[in-house]
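Student: Single-letter residue listing:
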Amino acid sequence: MLRRIAGSLFWAARYLERAQWRARLVDVNYHLLLEVPPRDAEPWEPLVRITAEQELFATLHSQVTEAAVIDFFVFDKENRSSIRNCIEAVRANLSPVRHLISSELWIEVNRLYLESPRWSAQTLAASGVSAFFADLQRHFYTIAGIIGNTMPRDLAYDLIEIGTMLERPDNVSRLLDVKYHYLLPRLEDIGGPADLRQWAAVLRSASAFEAFRKVYGNAIRVNRVVEILVFDPAFPRSMRFCIERLAGALARLAAEEGDPSGESPSCDELLTLLRNGSAEKTIASGLHEFLIGVEAMCARLAAQVFDRYLSLG
Amino acid sequence: MDAQRAGMSVPGLQAAGPQPINEMFEADGRARPECARVIAYLLAMESTRLAELGERAQRMFQTMGVTFNVYGDTEGGERIFPFDPIPRMISAEVWTGLEAGLIQRAQALNAFVADIYDQAQIVKDGVIPRDLVIGSPQFRHAAAGIKSPCGVYVTVAGIDLVRGADGRFHVLEDNVRTPSGVSYVIENRRIMTRLLPELIRALRVRSVENYPAYLLAGLRELAPRGISNPTVALLTPGLFNSAFFEHVFLSQQMGVELVEGRDLVCVDHKLFMKTVYGLRQIDVLYRRIDDDFLDPVVFRPDSLLGVAGLTAVLRAGNATLANAIGTGVADDKGVFAYTPAIIRYYLGEEPLLPIVETFLLRDAEVRAMVLRDLDRYVVKPTGASGGYGVVIGPSATDEELAQARRRIEVSPADFIAQPVFPLSVHPTLAGRGSDGKAALVPRHVDLRPFVLLGEKPRVLAGGLTRVALREGSMIVNSSQGGGSKDTWVLEE
Numbered sequence: 001m002l003r004r005i006a007g008s009l010f011w012a013a014r015y016l017e018r019a020q021w022r023a024r025l026v027d028v029n030y031h032l033l034l035e036v037p038p039r040d041a042e043p044w045e046p047l048v049r050i051t052a053e054q055e056l057f058a059t060l061h062s063q064v065t066e067a068a069v070i071d072f073f074v075f076d077k078e079n080r081s082s083i084r085n086c087i088e089a090v091r092a093n094l095s096p097v098r099h100l101i102s103s104e105l106w107i108e109v110n111r112l113y114l115e116s117p118r119w120s121a122q123t124l125a126a127s128g129v130s131a132f133f134a135d136l137q138r139h140f141y142t143i144a145g146i147i148g149n150t151m152p153r154d155l156a157y158d159l160i161e162i163g164t165m166l167e168r169p170d171n172v173s174r175l176l177d178v179k180y181h182y183l184l185p186r187l188e189d190i191g192g193p194a195d196l197r198q199w200a201a202v203l204r205s206a207s208a209f210e211a212f213r214k215v216y217g218n219a220i221r222v223n224r225v226v227e228i229l230v231f232d233p234a235f236p237r238s239m240r241f242c243i244e245r246l247a248g249a250l251a252r253l254a255a256e257e258g259d260p261s262g263e264s265p266s267c268d269e270l271l272t273l274l275r276n277g278s279a280e281k282t283i284a285s286g287l288h289e290f291l292i293g294v295e296a297m298c299a300r301l302a303a304q305v306f307d308r309y310l311s312l313g
Numbered sequence: 001m002d003a004q005r006a007g008m009s010v011p012g013l014q015a016a017g018p019q020p021i022n023e024m025f026e027a028d029g030r031a032r033p034e035c036a037r038v039i040a041y042l043l044a045m046e047s048t049r050l051a052e053l054g055e056r057a058q059r060m061f062q063t064m065g066v067t068f069n070v071y072g073d074t075e076g077g078e079r080i081f082p083f084d085p086i087p088r089m090i091s092a093e094v095w096t097g098l099e100a101g102l103i104q105r106a107q108a109l110n111a112f113v114a115d116i117y118d119q120a121q122i123v124k125d126g127v128i129p130r131d132l133v134i135g136s137p138q139f140r141h142a143a144a145g146i147k148s149p150c151g152v153y154v155t156v157a158g159i160d161l162v163r164g165a166d167g168r169f170h171v172l173e174d175n176v177r178t179p180s181g182v183s184y185v186i187e188n189r190r191i192m193t194r195l196l197p198e199l200i201r202a203l204r205v206r207s208v209e210n211y212p213a214y215l216l217a218g219l220r221e222l223a224p225r226g227i228s229n230p231t232v233a234l235l236t237p238g239l240f241n242s243a244f245f246e247h248v249f250l251s252q253q254m255g256v257e258l259v260e261g262r263d264l265v266c267v268d269h270k271l272f273m274k275t276v277y278g279l280r281q282i283d284v285l286y287r288r289i290d291d292d293f294l295d296p297v298v299f300r301p302d303s304l305l306g307v308a309g310l311t312a313v314l315r316a317g318n319a320t321l322a323n324a325i326g327t328g329v330a331d332d333k334g335v336f337a338y339t340p341a342i343i344r345y346y347l348g349e350e351p352l353l354p355i356v357e358t359f360l361l362r363d364a365e366v367r368a369m370v371l372r373d374l375d376r377y378v379v380k381p382t383g384a385s386g387g388y389g390v391v392i393g394p395s396a397t398d399e400e401l402a403q404a405r406r407r408i409e410v411s412p413a414d415f416i417a418q419p420v421f422p423l424s425v426h427p428t429l430a431g432r433g434s435d436g437k438a439a440l441v442p443r444h445v446d447l448r449p450f451v452l453l454g455e456k457p458r459v460l461a462g463g464l465t466r467v468a469l470r471e472g473s474m475i476v477n478s479s480q481g482g483g484s485k486d487t488w489v490l491e492e
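These protein sequence lines map, in sequence, to chains A and B. Mapping of the first sequence onto my numbering: position 50 corresponds to residue 50, and the numbering continues sequentially without gaps. Mapping of the second sequence onto my numbering: position 323 corresponds to residue 323, and the numbering continues sequentially without gaps.
Simulated from the structure, these hints should not be mistaken for laboratory data. Check the hints yourself; a few may be wrong.
So the derived list for chain A, only partly shown, Cβ under 10 Å to chain B, looks like this [what the hints assert, rightly or not]:
hint, residue
1, Met1
2, Val222
3, Glu256
For each label pair, taking beta carbons as the anchor points, the in silico distance ranges come out as [to be verified]:
hint, chain 1, residue 1, chain 2, residue 2, range
4, A, Lys77, B, Lys437, 44 to 52 Å
5, A, Gly145, B, Arg59, 26 to 34 Å
6, B, Val410, A, Gln122, 55 to 63 Å
7, A, Asn110, B, Ile227, 50 to 58 Å
8, B, Gln253, A, Asn110, 17 to 25 Å
9, B, Gln281, A, Ser95, 26 to 34 Å
10, B, Ala213, A, Arg118, 39 to 47 Å
Ideal Cβ positions, reconstructed from N, Cα and C, are used throughout, including at glycine.
Given the sequences, and given the hints that come with them, work out the whole structure.
Tutor: This is the structure we're talking about:
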């Protein structure tokens, strides 16, 4: 397969994951704020922080209001990572690889793409925020289902897997980090009702709420949330799950490689960390430092994958 | 038989002179023998079903995503190539004659290209003026010294034919650079087999599905010596090219990689593509981009579409390009006037296919004659293709004629003129009946067959029939509002 084509599949997957993630973030925050009277002056501010786009946001909006954040996350053409732009990037990347993906996948992505320019604050107000995001999530789950059910498990599928599984841990890490350090900074609030609501929202943002209930029952504790989102081997949005899948896909690529000169990108370091670690120990020694470390390792891995398999340079 | 209803009547041609023939009917209204069954079948259809054929076909094309891009069209540049469901028939006997003439022509043009970039013996022997060849905008100095392993430079030729008042096919122009349209031939047939399956079966129509296999065979035969299992790739300028759909189609049908310039790299005078697992050498490159964009080292330095060093790879004999660099010298519209002489010179045979009479305006006497009656000629720029810049005398406004006259006087060598040729007409579902539904009317058609040269010549049965959908129009180019028909060559 041509490197350009492989890169297209990889980036399509990353942008797809990013779009879905952002849709969920906004949706969950919106519903969280419905439940509690805002005592925080800027309840939407953490979202901008999670995506590390404060600077860009500040150039486009003077205040962090609900309308501004939704605009920034969903419609904004100036924000490269707005959902609309992500969807456009997914389509642009899939367009030259139409012969490698199923026609069902193309049709579904194209349908979403054709719909997205019609989105605006007005249409969102007309349909209702809940209905809008519910509809959007249905699109994303349909796409994921089509990928899982129509694509042969070959190189093209593995490249989509690699893109998805590199993007997802990064998003989970940012979510955890921001909640842990920026929300609710007062020590006496920890464990209080607001704190628990926020951790529940974190779980919902990662579609982990129900999975959490099944494993741990009712009681939401920080270390349990970290456990399921970072170290759980079975939950599909945990970091460990993602890196295990990534390692599998990378191993298949390396095995196919005819001329194995130099070292193939390896997940060993990350896997050791995630397989042997526990939430308790990690929180004790500093969650922030741990997450920063994981993000850096993911970034290094992404660069290695790019150099080895995708770069045209 | 209801010839009137079947679209026989010919609207009066503005220019006096020979009247166009109808491809399906004799002058007295009798069906031509090879068309009798199709006409009977169509006339037996209910008028609503007949009228719906076109819409059903368009819907099928839409679903299949068969499109082309239009240059300069920024808003939604993807369009469907209009399709007319009334098939164009060619009898086995007529086709046998055409096939021989097409092979003869492609072989002579190939020999001409080989000679021009080698000893140019034909020029030394005074058969064709030196300055006409060297002065052609398609002449490429860089092609000198590049040798094809099996002597084939023109791998793919698309030769445009028109049928005259005498019923004979004449050559209107040659396309031996990167002729396009063959994907529509194959897609048209796929649509027709779903639209009118019983008719196709009953008539025994020759298949066109074998073209990609023919093309791949021809390309593999071009591989540098000693390579038994060559790697072939198709080079496209990318998504925005008008024929991108065809590039995707052919690469898929042949099972070869569709590459862009940025996928390629030349190392040690060898051509490679960049794959996930490293560099993979390419032996034969079927290119669908123009010479000027192939290699920024030799041609346009600003081009990002090709790959630096390609010409050196070709010169070293480490890869073969199809079609070769500089083949355009053989489809130059000025050189066209000399093609009968070229056939006689290289093959020692009389041309089997006549050409449409062509006047070179560089000759002062000829120029004076043409300018006297400019409204009776079609004027074409020698360096353009795709119908761009063509002025059709009888239908041009006074202003357009005056402008053409000025341009000819400024640079006469850049133009040729051909007397208005009465292109044959064919019943086409492009009119409106009294009930407001689509109805059959006569429309002008041409034919672009495709000839492949390799160790042996191969010809696609039939070719692309293009039809000018507007009443009276003789411009069949897809970029200028033309459509296409399926072409049915009957088995013996």
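Student: Let me know if the C-beta of A/Met1 comes in closer than 10 Å to any C-beta of chain B, holds or violated.
Tutor: A/Met1 check passes; min Cβ-Cβ to chain B is 5 Å, inside 10 Å.
Student: How does the Cβ-Cβ distance of A/Gly145 and B/Arg59 compare with 26 to 34 Å: does it lie in that range?
Tutor: 28 Å, holds
Student: Return holds or violated for the Cβ distance of A/Asn110 and B/Ile227 against the range 50 to 58 Å.
Tutor: 40 Å, violated
Student: When you take the CB atoms of B/Val410 and A/Gln122, is the distance between them in 55 to 63 Å?
Tutor: 57 Å, holds
Student: Between B/Gln281 and A/Ser95, does the C-beta distance stay in 26 to 34 Å?
Tutor: 28 Å, holds
Student: Tell me if the beta carbons of A/Lys77 and B/Lys437 are separated by a distance inside 44 to 52 Å.
Tutor: 45 Å, holds
Student: Once the shortest beta carbon distance from A/Glu256 to chain B is found, is it less than 10 Å?
Tutor: 7 Å, holds
Student: Regarding B/Ala213 and A/Arg118, is the given constraint of 39 to 47 Å on their beta-carbon distance met?
Tutor: For A/Arg118 against B/Ala213, whose Cβ atoms are near 45 Å apart, the range 39 to 47 Å holds.
Student: For the hint on A/Val222, does the least C-beta distance to chain B fall short of 10 Å?
Tutor: 42 Å, violated
Student: Mind checking the hinted window 17 to 25 Å against the Cβ distance between B/Gln253 and A/Asn110?
Tutor: Given about 23 Å between the Cβ atoms, the range holds.
In terms of the numbered hints stated before, the structure departs from hints 2, 7, listed from lowest to highest.
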